[in-house]
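Listed below, chain by chain, are the residues.
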Amino acid sequence: MKIHEYQGKAVLAQYGVPVPKGKVAYTVDEAAEVAKGLGFPVVVKAQIHAGGRGKGGGVKLAKSLDECKGIAKSILGMTLKTHQTGPEGRVVKRLLIEEGMDLSGAREMYLAVLVDRATSLPVVMASAQGGMEIEEVAAKDPSAILKEHVDLAVGFQPYQARQLAFGLGLSGALAAQAVPFMTSLFEAFEGVDASLVEINPLLVTKAGELIALDAKVTLDDSALFRHPALVELRDVEEEEPLEVEASKFDLNYIKLDGGNVGCMVNGAGLAMATMDIIKLSGGSPANFLDVGGGANADQIKNAFRILLADTDVKAVLINIFGGILRCDILAEGVIAAVRDLGVKVPVVVRMKGNNEEPGKRMLKESGLSFDTADGMGEAANQVVQAAGGAR
Amino acid sequence: MSILVGRDTRLLVQGMGKHGTFHAIGCRDYGTTVVGGTKPGKGGTTLEGFPLFDSVSEAVDKTGANCSVIFVPPGGAADAIMEAADAGIAVIVCITEGIPTLDMVKVWAFLKDRKSRLIGPNCPGIISPGEKCKVGILPGHIHMGGPVGVVSRSGTLTYEAVHQLTALGIGQSSCIGIGGDPIIGTNHTDSLKLFNEDPATEAIVMIGEIGGSAEEDAAEYVKEHVKKPVVGFIAGQTAPPGRRMGHAGAIIAGGKGTAAEKMKAMEAAGIRVVTSPANIGTVMAEALKKN
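Chain order of the listed sequences is H and L.
Note that our numbering numbers the first sequence so that position 176 is 176, with each residue one more than the last.
Note that our numbering numbers the second sequence so that position 6 is 6, with each residue one more than the last.
Honestly, I wouldn't trust all of these hints.
Stated by the list, open to error - Partial list, computed: chain L residues near chain H (C-beta under 7 Å):
no.: 1; residue: T46
no.: 2; residue: G49
no.: 3; residue: G98
no.: 4; residue: K106
no.: 5; residue: E209
no.: 6; residue: G236
no.: 7; residue: V274
To be verified - Label pairs and their in silico Cβ distance ranges:
no.: 8; chain 1: L; residue 1: G41; chain 2: H; residue 2: A309; range: 45 to 55 Å
no.: 9; chain 1: L; residue 1: A167; chain 2: H; residue 2: H83; range: 43 to 53 Å
no.: 10; chain 1: H; residue 1: G367; chain 2: L; residue 2: G41; range: 51 to 61 Å
no.: 11; chain 1: H; residue 1: R361; chain 2: L; residue 2: G254; range: 46 to 56 Å
no.: 12; chain 1: L; residue 1: G41; chain 2: H; residue 2: E88; range: 49 to 59 Å
no.: 13; chain 1: L; residue 1: S57; chain 2: H; residue 2: A153; range: 33 to 43 Å
no.: 14; chain 1: L; residue 1: A253; chain 2: H; residue 2: V154; range: 49 to 59 Å
no.: 15; chain 1: H; residue 1: V154; chain 2: L; residue 2: K289; range: 51 to 61 Å
no.: 16; chain 1: L; residue 1: S57; chain 2: H; residue 2: D116; range: 28 to 38 Å
no.: 17; chain 1: L; residue 1: T46; chain 2: H; residue 2: G258; range: 31 to 41 Å
no.: 18; chain 1: L; residue 1: A167; chain 2: H; residue 2: G389; range: 22 to 32 Å
no.: 19; chain 1: H; residue 1: E239; chain 2: L; residue 2: A253; range: 12 to 22 Å
no.: 20; chain 1: H; residue 1: E239; chain 2: L; residue 2: G254; range: 49 to 59 Å
Said to hold, decoys possible - Straight-line C-alpha distance at most 25 Å; calculated PhoX-like pairs for lysine-lysine:
no.: 21; chain 1: H; residue 1: K344; chain 2: H; residue 2: K364
no.: 22; chain 1: H; residue 1: K147; chain 2: L; residue 2: K106
no.: 23; chain 1: L; residue 1: K112; chain 2: H; residue 2: K81
no.: 24; chain 1: L; residue 1: K18; chain 2: H; residue 2: K248
no.: 25; chain 1: H; residue 1: K140; chain 2: L; residue 2: K264
no.: 26; chain 1: L; residue 1: K256; chain 2: H; residue 2: K279
Calculated directly from the structure, the hints in this document are not laboratory data.
We put the CB at the ideal spot given by N, CA and C, even for glycine.
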């Protein structure tokens with residue numbers, strides 16, 4: 001689960017990571033109030049769940065109250081487009097008003113904690129090239145990224161922080177400060193069950209302070225059950241409405257841009273493979289939808305409703321492999337959903353496995369016009385034709 | 001022959017709730033020797049004909065269990081894996097989906113100095129059809145015994161591949177679902193190594209998906225060590241970057257873990273990579289003919 005920068009910074013501050021003073025504002029008046037409390041200059045930062053906000057015009061410095069109000073007014077409600085939002089952009093509804101830091105003579109570095117899949121260990125990563133996309137640094141000069149893997153039995157050790165600090169070119173008092181900074185950062189990562197904590201940039205001020213100028217905290221969805229307070233930080237307005245709706249019914253739905261073939265599949269791997277084969281058949285998948293291993297009639301109905309709420313969908317492919325799930329139960333759900341919802345677009349059903357024959361018979365005898373297919377390739381070709389042919 | 005589970009498997013079911021009991025019966029009906037289940041506090045009683053035990057170590061002492069399958073909910077699953085490993089269970093299969101990643105980091109470290117092998121979590125399990133042994137939730141009826149080993153991160157996509165093989169009369173030595181999480185016990189390379197060393201396995205199907213670099217590592221292993229034909233498929237060729245495609249591990253992050261990269265590495269290793277999931281069976285049939 002992604003959270004906003006101001007929420008991430010509040011979490012980090014609780015663990016002792018130094019962050020600039022600041023507060024969230026939902027209106028221009030609130031922004032002005034916060035700014036007055038902080039004193040000028042302040043930085044006005046758009047809060048959306050995407051990076052690249054500065055380049056998109058969502059982060060600005062205000063030297064006076066009037067300037068702050070003007071900037072807050074222009075950013076609130078704007079559709080911010082960054083390389084991470086996609087072309088449709090994201091409407092800004094919250095601002096972070098923060099004390100302006102003295103950037104003259106300051107250095108910007110990069111620090112992150114995540115789980116390294118290759119070693120199955122948490123890793124603290126650092127780079128002296130802050131402010132840049134870490135992927136770019138990794139592509140250009142992998143040796144510029146320093147790594148310290150952490151043994152959770154003992155936690156992140158001071159020597160590891162020193163190793164990173166000296167590697168970043170910090171010395172003296174700054175290297176000493178890096179130890180509590182990085183230790184706190186790791187404790188926050190572990191404490192909230194994050195999947196990523198990223199400080200970019202980590203500011204090293206001329207005065208000799210380390211401070212998290214930006215913060216990105218992503219929480220492990222699977223661990224949220226033990227952090228009820230953090231669940232409250234979810235901002236559903238940042239998510240695709242249909243995806244939010246789907247999650248209410250334990251459906252895993254992801255909308256894809258520009259597609260016209262809706263698909264409903266059981267299992268994540270098969271759902272991805274179904275998207276792939278639609279594309280191979282010359283069509284364009286409109287979504288990823290995993291109804292799970294034990295989908296019931298109610299879920300099938302809701303899945304249909306969500307698929308068809310996307311008006312780009314011109315035909316639907318249902319691809320179910322009945323391992324545990326029985327095809328006759330699926331057929332019952334599909335028939336009920338098509339009847340109750342008055343589904344108008346062509347529906348191609350491909351089902352295999354458990355009770356396949358009774359399931360097929362039920363579809364045939366329903367009086368509804370389903371297309372059925374035996375193999376995945378055949379099913380994909382049929383649905384692409386039904387959606388208007390290859391594009 | 002087969003890998004990891006077979007005639008000598010003595011299976012213990014950890015977490016005899018509704019789900020666990022249902023699949024315990026499924027495994028027994030398929031032919032697996034199920035020696036009992038654990039349900040703390042219910043030791044000494046029976047459920048559906050299965051003796052219940054309070055702990056894994058007690059079950060091991062009394063039944064000689066050498067394999068376990070875990071249906072414990074996410075909050076307690078890591079604990080269940082460690083309990084099984086501590087009791088000396090050789091093959092631990094964890095079906096549970098949604099275990100916190102940091103719990104798995106701890107499990108991984110715990111298993112490092114122990115002899116147990118973990119399969120999963122978030123996996124369908126493993127089956128050796130020729131020896132009538134299934135450990136997990138896989139549908140037994142689509143399988144048949146034979147020479148092809150199947151390894152995959154996914155559940156239903158594996159069933160799809162197996163179904164294609166069986167329909168063509170190609171049986172399987174063992175099929176292993178390794179799970180869709182970022183941290184798993186047995187990976188593609190481990191599985192390929194087992195199949196490569198299994199005399200009854202003549203060819204291998206390897207199904208991967210976007211995210212991480214396990215498929216690239218496995219391709220490297222195939223290039224160096226595997227002479228048996230390998231047919232490969234990667235799911236998620238059309239997946240958008242930065243989105244988690246159902247499985248916690250299936251995400252293209254920072255431009256890494258794309259299907260294109262994986263397919264390239266696999267092709268370079270001599271793996272017959274199919275772009276369409278509908279062709280896994282037919283390409284394997286050709287590969288076996290040539291062999």
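Are there hints from earlier that the structure breaks, and if so, what are their numbers?
Result: hints 1, 2, 7, 13, 14, 17, 20, 23 break, sorted rising.
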